[in-house]
Amino acid sequence: MWITEDGYIRQELLPDGRYDEARGDRESAYTGDYMIEGNQIYYEDDTGFSADGEFRDDVLYHAGMVFYREEDR
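For the sequence shown, position 61 (counting from the first letter as 1) is numbered 61 according to the working numbering, and the numbering increases by one without interruption.
Incorrect hints may have been included.
Simulated DEER-style distance windows between Cβ atoms [to be verified]:
id: 1; residue 1: 48; residue 2: 5; range: 27 to 33 angstroms
id: 2; residue 1: 27; residue 2: 57; range: 16 to 22 angstroms
id: 3; residue 1: 50; residue 2: 23; range: 15 to 21 angstroms
Just so you know, these hints were derived from the structure itself, not from any lab.
From the three backbone atoms N, C-alpha and C, an ideal C-beta is built for every residue, glycine too.
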């Protein structure tokens, strides 16, 4: 589970290549597919919107947000 510092956005990267993102108390606010290549992550949500991100030093940078592993917070 990847989570923003304030805990508002939580992103679960599932082993089957799907992701499930919660925002606040809204579970599954965004869902879709993801693919990791090296330190890059590519997303396509179920509406067709795509985005990307980058892993650096075990931190995920995505769409102007910074995510930490939940257990590392």
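* Asked: Among the hints numbered above, which are violated by the structure, and what are their numbers in rising order?
  -> 2
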